[in-house]
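Q: These are the residues of each chain, in order.
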Amino acid sequence: MENINNLNRNNQSVLKLPKIGDILGAPLVAAVSANSTMVREQTKFLMETCFVSKGNNLYEPMMIEMSLSRFIEDDRDESGLKEINTTFQIPLLTLVPMNSLVVDSVEVDFSLEIVSQSASQSSVQIKGEKDNSSKGNIQNNDVQFSGKLSYDSNDKASNRTHNASKLNVKIQTKSIQLPLGVTSLIDMYIKSINVLPK
Amino acid sequence: MMNKPQIIECPNCKTPIYFDVNGLMQGVSFTCSNCNCSISMASSSSQVVKKTMNKFEELKVKSK
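Protein chains in written order, with our numbering: chain G, 23 to 220; chain R, 2 to 65.
Think of the hints as simulated: they come from the structure by calculation, not from any bench. The C-beta atom is built at its ideal place from N, Cα and C for all residues, glycine as well. Careful, some of the hints might be misleading.
[Said to hold, decoys possible] Calculated cross-link-like contacts (lysine-lysine; reagent style BS3-like; alpha-carbon spacing at most 27 Å):
1) G:LYS196 x R:LYS61
2) R:LYS63 x R:LYS52
3) R:LYS63 x G:LYS213
4) R:LYS63 x R:LYS51
5) R:LYS52 x G:LYS66
[Unchecked claim] Here are some chain R residues the structure puts well away from chain G; computed CB gaps all over 10 Å:
6) THR16
7) GLN27
8) VAL29
9) SER34
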């Protein structure tokens, strides 16, 4: 009886072991989630600081006052030049030096000790176009491995304990251009900057 | 997020003027290489830009 209980306990512990897909998927899901958080934060920043809400999902760009000074020829002045100062406004969005940072690559490195293996078989029936004579079956054999993270026997790291397991995840990020919508918006704003005398 | 080179079109002749927002906040003028006109930020706007840039720096630290 005790042996049967032990066997059940062992089976349950094997069922709880992560599948290879889960071990690979977890860091990838975390990377995608981090990416999504970065994009959300950036959008939130843009909407909260560079735009003013006017209600009904209507946003107006926050404008910054700039001044422009230039010299024009003036015969009445001794130097022959006269300084003209004018003001113009530009959207705050065009001043913020932002671009996007995205997850470029994710490297997952681990050793796995396979502790269980299960196979399942399924078949898909194919029907012939005109009659049933050309019926066929495609056999699918799915093999699933479960295991626990293990140490690499080639790893000669001195500070490793014998059964230490490890999962190394290396994430590289790179900066990319802003989304086309934002760059178009900035471009449109920049092109519409005109100096108007006050 | 990282800084990218910032350009504004000269309002007078449309030539690109390279500028640095930190310089603008400190009152630096940036001159157009074509028509020699210079642009600077009005002092009334510097507080708003400073506040935004501080938030932007916080966001950059958060995303590291």
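Q: All hints are to be evaluated individually against the structure, with a verdict given for each.
A: Evaluation of the provided hints:
Pair hint LYS196 (chain G) plus LYS61 (chain R) holds up; C-alpha atoms about 14 Å apart against a cutoff of 27 Å. Note on LYS63 (chain R) and LYS52 (chain R): the hinted pairing holds, with a Cα-Cα distance of about 17 Å set against a maximum of 27 Å. This hinted pair does not check out: LYS63 (chain R) and LYS213 (chain G) have alpha carbons roughly 32 Å apart, beyond 27 Å. Restraint check: the Cα-Cα separation between LYS63 (chain R) and LYS51 (chain R) comes to about 18 Å, which is no more than 27 Å; the hinted pair holds.
With a C-alpha separation of about 15 Å, the suggested pair LYS52 (chain R) and LYS66 (chain G) falls inside the 27 Å cut-off, and the hint holds. Against the 10 Å criterion, THR16 (chain R) stays outside the reach of chain G, whose nearest CB is about 13 Å from its own CB. Under the 10 Å C-beta cut-off, the non-interface status given to GLN27 (chain R) relative to chain G holds; the minimum distance is some 14 Å. No beta-carbon of chain G comes within 10 Å of the beta-carbon of VAL29 (chain R); the shortest separation is about 12 Å.
Every CB of chain G is more than 10 Å from the CB of SER34 (chain R) (nearest about 13 Å), matching its label as outside the interface.
Consistency note: the structure conflicts with earlier hint 3 alone.
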